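**Student:** All chains, full assembly: derive it from the sequences and hints.
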Amino acid sequence: MTIRAVVRGVGHYLPERVVPNSEFEALVETSDEWIKSRSGIERRHFAAPGQTTADLGTRAATAALADAGLAADDIDAIIVATSTADFTFPSCATMIQAGLGMTQGFAFDVQAVCAGFAFALTNANALIVSGQANRVLVIGAETFSRLMDWTDRGTCVLFGDGAGALVLEAQTGTGTTEDRGILATDLNSDGRFKDILHVDGGTSTGTTGHLRMEGKEVFRHAIEKLAETAHRALDKAGLNAGDVDWIVPHQANIRIIEGTAKKMQVAMDRVVVTVQDHGNTSAASIPLALSVGKARGQIKTGDLIVTEAIGGGLAWGAVVLRW
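Going by the numbering used here, the first residue of the sequence shown is number 172, and it counts up by one from there.
No lab work stands behind these hints, which were simulated from the structure alone. There could be a bad hint or two in this list.
[Claimed, not checked] Per label pair, the in silico range of CB-to-CB distance:
| # | residue 1 | residue 2 | range |
| --- | --- | --- | --- |
| 1 | 426 | 198 | 19 to 27 angstroms |
| 2 | 346 | 258 | 18 to 26 angstroms |
| 3 | 205 | 346 | 46 to 54 angstroms |
| 4 | 346 | 320 | 47 to 55 angstroms |
| 5 | 374 | 426 | 30 to 38 angstroms |
| 6 | 198 | 379 | 15 to 23 angstroms |
| 7 | 429 | 388 | 39 to 47 angstroms |
| 8 | 363 | 320 | 22 to 30 angstroms |
| 9 | 366 | 274 | 39 to 47 angstroms |
| 10 | 409 | 194 | 44 to 52 angstroms |
| 11 | 297 | 366 | 28 to 36 angstroms |
| 12 | 220 | 322 | 17 to 25 angstroms |
| 13 | 208 | 172 | 46 to 54 angstroms |
| 14 | 375 | 272 | 34 to 42 angstroms |
[Claimed, not checked] Cross-link-like lysine to any residue pairs, in silico, SDA-like; alpha carbons within 25 angstroms at most:
| # | residue 1 | residue 2 |
| --- | --- | --- |
| 15 | 387 | 426 |
| 16 | 407 | 344 |
| 17 | 365 | 319 |
| 18 | 471 | 448 |
| 19 | 471 | 360 |
| 20 | 387 | 213 |
| 21 | 365 | 388 |
| 22 | 433 | 471 |
| 23 | 407 | 342 |
| 24 | 471 | 437 |
| 25 | 407 | 433 |
| 26 | 471 | 348 |
| 27 | 471 | 494 |
| 28 | 387 | 436 |
| 29 | 433 | 360 |
| 30 | 471 | 444 |
| 31 | 207 | 392 |
These figures come from a predicted structure and were not determined experimentally. We treat Cβ as the ideally placed atom computed from N, Cα and C, and that holds for glycine.
**Tutor:** Below, the structure is given as structure tokens:
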């Protein structure tokens, strides 16, 4: 008997305000064509004034619970992947716990920037496999619009706000690659590269700070590291790229998505792409794409999925799961 962490439900939430590329033309020297050609992004969503990361996460979590046919008190733990928690403390996860009316269990945040959801899934899987939790709500939620320097055209046009959530549940499997649920994970980090993608604020400066990125350097690391971590996770599961039904990547840049798929020798018609509609939503991008992919009818029960992401740290990782 093998315990697997199986997806029971999925959901997402996007703020009402849709921001097309054209809105940035009044802020910086850019154009719709310039943004699309370099990133694939056409629009993104921004949170309303007063709308918090916890608000977005609570809405996505509520949708995932409804999809699973469960109530908040059916959940044992909440893990939130975010780099834009509303306060230094308490955690965003405990605020979502309260927002859901969940009065038992435990909740905590994971901070690995854009790779955060892969790290959160890996932690949730460990809790379930070890028997410490039966059902875990895993959420990626971000309000990156509040970290932007609106004079920096290389970053401010790339990011958006949103949230996505999965309900993972312990189920018995056979121990083979045909099992539903998380089959393997692979996590990595290398702090030597922190300066190429970081926020220049925090307790050391007494300011929130702004996102700073050396785009060419991030691009150079991204494709190689994303393909490598995906292959390692597949190897751990005893599978290969030919077995994959869908890659659901971090939605940062269409050129990175295409480059990683090419390096993995996976056709783009097997890649779920949402970057054109959401921009880069950091830790929210993978659960958002999973939820949208299911809603579109792309992702179906039994499909083999690889998710992979890289973010500040640098931190990167991949998860192999059967839907």
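**Student:** For every hint, state whether the structure bears it out.
**Tutor:** For each hint, the structure was consulted:
1. At roughly 23 angstroms, the beta-carbon separation of residue 426 and residue 198 lies within the given 19 to 27 angstroms, and the hint holds.
2. Judged by the Cβ atoms, the range 18 to 26 angstroms given for residue 346 and residue 258 is violated: they are separated by roughly 43 angstroms.
3. Look at residue 205 against residue 346: about 51 angstroms separates their beta carbons, and that is inside 46 to 54 angstroms.
4. Range check, residue 346 to residue 320: Cβ separation about 50 angstroms, and the 47 to 55 angstroms hint holds.
5. Evaluation of the 30 to 38 angstroms hint for residue 374 and residue 426 yields a pass: the beta carbon distance comes to about 35 angstroms.
6. Range check, residue 198 to residue 379: Cβ separation about 19 angstroms, and the 15 to 23 angstroms hint holds.
7. Look at residue 429 against residue 388: about 19 angstroms separates their beta carbons, and that is not inside 39 to 47 angstroms.
8. A beta carbon spacing of about 24 angstroms between residue 363 and residue 320 agrees with the range 22 to 30 angstroms that was offered as a hint.
9. A beta carbon spacing of about 43 angstroms between residue 366 and residue 274 agrees with the range 39 to 47 angstroms that was offered as a hint.
10. In this structure the supplied range 44 to 52 angstroms holds for residue 409 paired with residue 194, their Cβ-Cβ distance being about 48 angstroms.
11. A hinted range of 28 to 36 angstroms for the beta carbons of residue 297 and residue 366 is consistent with their spacing of about 31 angstroms.
12. One distance hint, 17 to 25 angstroms for the beta-carbon pair residue 220 and residue 322, holds here, with the actual separation near 21 angstroms.
13. Taking the beta carbon of each, residue 208 and residue 172 are about 52 angstroms apart, inside 46 to 54 angstroms as hinted.
14. Remark: the range hint 34 to 42 angstroms for residue 375 to residue 272 is upheld by a beta-carbon distance near 37 angstroms.
15. Simply put, residue 387 and residue 426 have alpha-carbon atoms about 12 angstroms apart, close enough for the 25 angstroms limit, and the pair holds.
16. For the proposed pair residue 407 and residue 344, the alpha carbon gap of about 17 angstroms is at most 25 angstroms, so the pair holds.
17. Taken as a hint, the residue 365 and residue 319 pair is honoured in the structure, with Cα atoms around 18 angstroms apart against an allowance of 25 angstroms.
18. Restraint check for residue 471 and residue 448: satisfied, since their Cα atoms lie roughly 22 angstroms apart, inside the 25 angstroms limit.
19. For the suggested pair residue 471 and residue 360, the alpha carbons sit about 32 angstroms apart, so the restraint of at most 25 angstroms is broken.
20. The hinted pair formed by residue 387 and residue 213 meets the criterion: a straight-line CA distance of about 21 angstroms does not exceed 25 angstroms.
21. Of the pairs offered as hints, the one joining residue 365 and residue 388 holds, with about 11 angstroms between alpha carbons and a cut-off of 25 angstroms not exceeded.
22. A hinted pair counts as satisfied when its Cα atoms are at most 25 angstroms apart, and residue 433 with residue 471 qualifies at roughly 24 angstroms.
23. For a cut-off of 25 angstroms, the pair hint linking residue 407 to residue 342 stands: about 20 angstroms separates their Cα positions.
24. Distance restraint check for residue 471 and residue 437: the Cα-Cα separation of roughly 18 angstroms lies within the 25 angstroms cut-off, and the hinted pair is therefore satisfied.
25. Annotation: proposed proximity of residue 407 to residue 433 holds, straight-line Cα distance about 21 angstroms (limit 25 angstroms).
26. Our distance criterion of 25 angstroms between C-alpha atoms is met by residue 471 and residue 348, whose separation comes to about 17 angstroms.
27. At roughly 7 angstroms between alpha-carbon atoms, residue 471 and residue 494 fall within 25 angstroms of each other, so this suggested pair holds.
28. Restraint check for residue 387 and residue 436: satisfied, since their Cα atoms lie roughly 23 angstroms apart, inside the 25 angstroms limit.
29. About 23 angstroms separates the Cα atoms of residue 433 and residue 360, which keeps this hinted pair within 25 angstroms; it holds.
30. In summary, the hint linking residue 471 to residue 444 is supported, as the alpha carbons are separated by about 16 angstroms, within the 25 angstroms threshold.
31. Annotation: proposed proximity of residue 207 to residue 392 holds, straight-line Cα distance about 21 angstroms (limit 25 angstroms).
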